[in-house]
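Here are the chains, one letter per residue:
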Amino acid sequence: DGGITQSPKYLFRKEGQNVTLSCEQNLNHDAMYWYRQDPGQGLRLIYYSQIVNDFQKGDIAEGYSVSREKKESFPLTVTSAQKNPTAFYLCASSIQTGVNEKLFFGSGTQLSVL
Amino acid sequence: SQQGEEDPQALSIQEGENATMNCSYKTSINNLQWYRQNSGRGLVHLILIRSNEREKHSGRLRVTLDTSKKSSSLLITASRAADTASYFCATAFTGGGNKLTFGTGTQLKVEL
Chain A
31 DGGITQSPKY
41 LFRKEGQNVT
51 LSCEQNLNHD
61 AMYWYRQDPG
71 QGLRLIYYSQ
81 IVNDFQKGDI
91 AEGYSVSREK
101 KESFPLTVTS
111 AQKNPTAFYL
121 CASSIQTGVN
131 EKLFFGSGTQ
141 LSVL
Chain B
87 SQQGEEDPQA
97 LSIQEGENAT
107 MNCSYKTSIN
117 NLQWYRQNSG
127 RGLVHLILIR
137 SNEREKHSGR
147 LRVTLDTSKK
157 SSSLLITASR
167 AADTASYFCA
177 TAFTGGGNKL
187 TFGTGTQLKV
197 EL
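As they're listed, the protein sequences go chains A and B.
Take 31 as the starting number for the first sequence in the numbering used here and just add one per residue.
Take 87 as the starting number for the second sequence in the numbering used here and just add one per residue.
Hints listed in this document are in silico derivations from the structure and should not be mistaken for laboratory results.
Note that CB positions come from ideal geometry on N, CA and C, so glycine has one too.
Don't take every hint at face value.
[To be verified] Here's a subset of chain A near chain B, in silico, CB distances under 7 Å, partners left out: (1) G72; (2) L73; (3) L120; (4) S124; (5) V129; (6) N130; (7) E131; (8) F135; (9) G136; (10) S137.
[To be verified] With a straight-line cut-off of 25 Å between C-alpha atoms, the simulated DMTMM-like cross-links for lysine to aspartate or glutamate are: (11) B:K185 / A:E102; (12) B:K185 / A:D84; (13) B:K185 / A:D60.
[Said to hold, decoys possible] Selected chain A positions facing chain B (in silico; Cβ < 10 Å): (14) I34; (15) L75; (16) Y78; (17) Q80; (18) D89; (19) A122; (20) Q126; (21) F134.
Please take these sequences and the hints and turn them into a complete structure.
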């Protein structure tokens, strides 16, 4: 099956700990995105990548880091600098970053603080 | 924020009825998209309407776009219990490439 795989489904973070959320796609898409979803607030863009070895900050990048070493992988690290990390994290991809492209989403990772 | 706003926040209807959700946004757009999200799951793309289009259909879905009012509506006809989900509009702002800005969503509940 083609699609986007996020893991783990649930993740718990201790105080001061960095955690990494995995996102893998086999759709051969150029662009990948990370969104954060809080209850009642919709989705907010954290980081996006248009091509391998390149990425840009979204609207709420502080406390997060990403890498794009392979086309199919776009992991997100939630660092200890992110003071309110509890949220539902969604990874998405699109064929390109041109206009009029639809996004394909993974099934999400729920991150909670212990 | 350039975030779109959906209205209503929550909607409860009976199976077979039509459901209408509205979305308003603030600046000029290249396109507007609607997505569906089942509880605890990822979003699924429903339909994309470009800024030069006024209406689009896909199965039981009908989307309209009024760029002069900066608003869009999603109509689901003959609703089913399986349509129960949250629905989000997302806008690609002019000059923003394919970065999408999502609204806060409408929670639709379709009762038997």
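Evaluated hints:
no. : hint            : verdict
1   : G72             : holds, 4 Å
2   : L73             : holds, 4 Å
3   : L120            : holds, 6 Å
4   : S124            : holds, 6 Å
5   : V129            : holds, 4 Å
6   : N130            : holds, 5 Å
7   : E131            : holds, 5 Å
8   : F135            : holds, 4 Å
9   : G136            : holds, 5 Å
10  : S137            : holds, 5 Å
11  : B:K185 / A:E102 : holds, 19 Å
12  : B:K185 / A:D84  : holds, 15 Å
13  : B:K185 / A:D60  : holds, 14 Å
14  : I34             : holds, 8 Å
15  : L75             : holds, 6 Å
16  : Y78             : holds, 7 Å
17  : Q80             : holds, 8 Å
18  : D89             : holds, 8 Å
19  : A122            : holds, 8 Å
20  : Q126            : holds, 7 Å
21  : F134            : holds, 7 Å
Checked against the numbered hints listed earlier, the structure breaks none of them; every hint is satisfied.
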